[in-house]
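Just so you know, the protein sequences line up as chains A and B, in that order.
All letters in the first sequence, in the order written, are residues 1 to 222 by the working numbering.
All letters in the second sequence, in the order written, are residues 223 to 443 by the working numbering.
It is worth saying that the hints were derived from the structure and are not from the lab.
Note that the structure is predicted; figures quoted are calculated from it, not measured.
Treat each hint with caution, since some may be false.
Derived, one-sided and incomplete: chain B residues facing chain A with beta-carbon distance under 7 Å [to be verified]:
1) V289
2) F292
3) T405
4) L412
5) L420
Below are the DMTMM-like pairs computed for lysine to aspartate or glutamate, each with C-alpha atoms no more than 20 Å apart in a straight line [what the hints assert, rightly or not]:
6) B:K396 / B:E407
7) A:K219 / B:E325
8) B:K396 / B:D406
9) A:K81 / B:D397
A virtual CB, placed ideally from N, CA and C, is assigned to each residue, including glycine.
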Amino acid sequence: MRDLAVLFKGNNLQRLLGGLGVTLELSLVSVALSIVLGLLAGVLMTLKNPVVRAVMRLWLETVRIVPQLVLLFLVYFGMAKTFNLQLSGEAAAVIVFTFWGAGEMGDLVRGAITSIPVHQRESSAALGLTRGQTWRFVLLPQAARRLIPQAINLTTRMIKTTSLVMLIGVVEVLKVGSQIIDAARYDAPQGAVWVYGAVFFLYFFACWPISLAAGWLEKRWA
Amino acid sequence: MDIEFMRRFLPMYVKAAGLTLRLGATGIALSLVVGALCCLARQFRVPVLRRVAGVYIELARNTPLLVQLFFLYFGLPKIGVKLSAETCAIVGLTFLGGAYMAESLRSGLEAVDAIQHESGLSLGLTPMQNMRYVILPQALATAIPSIGANAVFLIKETSVFSAVALADLMYVAKDLIGMYYRTDEALLMLTLAYLALLLPLSIAFSLLERRLRHAGFGGAV
Chain A
1 MRDLAVLFKG NNLQRLLGGL GVTLELSLVS VALSIVLGLL AGVLMTLKNP
51 VVRAVMRLWL ETVRIVPQLV LLFLVYFGMA KTFNLQLSGE AAAVIVFTFW
101 GAGEMGDLVR GAITSIPVHQ RESSAALGLT RGQTWRFVLL PQAARRLIPQ
151 AINLTTRMIK TTSLVMLIGV VEVLKVGSQI IDAARYDAPQ GAVWVYGAVF
201 FLYFFACWPI SLAAGWLEKR WA
Chain B
223 MDIEFMRRFL PMYVKAAGLT LRLGATGIAL SLVVGALCCL ARQFRVPVLR
273 RVAGVYIELA RNTPLLVQLF FLYFGLPKIG VKLSAETCAI VGLTFLGGAY
323 MAESLRSGLE AVDAIQHESG LSLGLTPMQN MRYVILPQAL ATAIPSIGAN
373 AVFLIKETSV FSAVALADLM YVAKDLIGMY YRTDEALLML TLAYLALLLP
423 LSIAFSLLER RLRHAGFGGA V
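Take these sequences, add in the hints, and give me the full structure.
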């Protein structure tokens, strides 16, 4: 219990929160890019063109099957060796998480669009709405209601996955935590349990409200 | 690409894939047990356990496995709880997976229409028989796709085990990069190894899903 104090010693708490900032910044940049690219990808995934479909399918299966950590290694170490492209850890992280997130987001968009019954489209046509009006007033509002809760859930998954970037040398909250523990090895030998416990709850309090919002919207719009 | 190099280190990858698969399979099996228990506690509204399960699910779903592992492997020994790396890995994976499995099972149970419960009971089935022959088959059929997705997800998550010094696939690849600077070969084999593990699993689950689609009674097929 005595070693709990290590959390508040000097500017340790500030450093941990700064690390959390790096985590959130990386994930929010990736989420924003994923949303933009994912919307595009989702529309492409609904197309009937066999070539487009095959390419999209291959992309989606790749990001679903290859672990994110492997993708990080491929981009961070693989690119450097093969193409002599020295990316920073942060840049590699944003590339990988966007590649992954846009694929997953695309699939959610595809699911949301195709889940709308055909009769909605047909009824709109029968009512004399133009194509643009059908999308604007009938299809998009319904698709958005299905999409938004799931997209929010994807955001929490991306925030959690950001913890992997410490393994390619980015100093984020977990890495700051282990630095604090190492520095206080003699003053606070039991520091690890408190610092990693604190990191655990920092992640929890970053993701939990987002998960709650997703659950609430899902129930409200079901 | 140096094929000879790849051939020389193939046995290391095979051994590591065995470890990944063993830890992953144990974690998935235990996750299903934990998930089923949580789901039961919530379904039958068991007083205290229901709350415990609720808190556990939120905690596990909103924190990364890597942080959970660091806490178990580096944190707990400081207060006298020493677990081996393998135990930590399995405990961590089960902690994470149990919550995901509980959610999948719950959504499966919720998807079974209330009319199915009532019809079963009015036909004179006991509550146990009703569960066994009417509710569970339908609930499981609905839950299978997301259980499959969770299984693939959990095996992917095992890639962080290398951070607590377990010699899994990721660890071997890092080793080869560090020792021989054969980044291309090591990473190619790493990717192929995960594909070899996960592609069959993902295909098996989609076949299973197709076979079990008898739950569409009364709905669209």
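These are the hints, each one checked on the structure:
Look at V289 of chain B: its Cβ gets to within about 5 Å of chain A, closer than 7 Å, so that hint holds up. At its closest, the beta carbon of F292 of chain B sits 5 Å from a beta carbon of chain A; the interface hint therefore holds under the 7 Å criterion. The criterion of a C-beta within 7 Å of any C-beta in chain A is met by T405 of chain B, whose closest approach is roughly 4 Å, and the hint holds. Using the Cβ-Cβ criterion of 7 Å, the hint placing L412 of chain B at the interface with chain A is satisfied: the shortest such distance is roughly 6 Å.
For the restraint placing L420 of chain B at the interface with chain A, the shortest Cβ-Cβ distance is roughly 5 Å, inside the 7 Å limit, so the hint holds. Between K396 of chain B and E407 of chain B the CA atoms are separated by roughly 11 Å; this keeps the pair inside 20 Å, and the hint holds. For a cut-off of 20 Å, the pair hint linking K219 of chain A to E325 of chain B stands: about 15 Å separates their Cα positions. Restraint check: the Cα-Cα separation between K396 of chain B and D406 of chain B comes to about 12 Å, which is no more than 20 Å; the hinted pair holds.
Of the pairs offered as hints, the one joining K81 of chain A and D397 of chain B holds, with about 16 Å between alpha carbons and a cut-off of 20 Å not exceeded.
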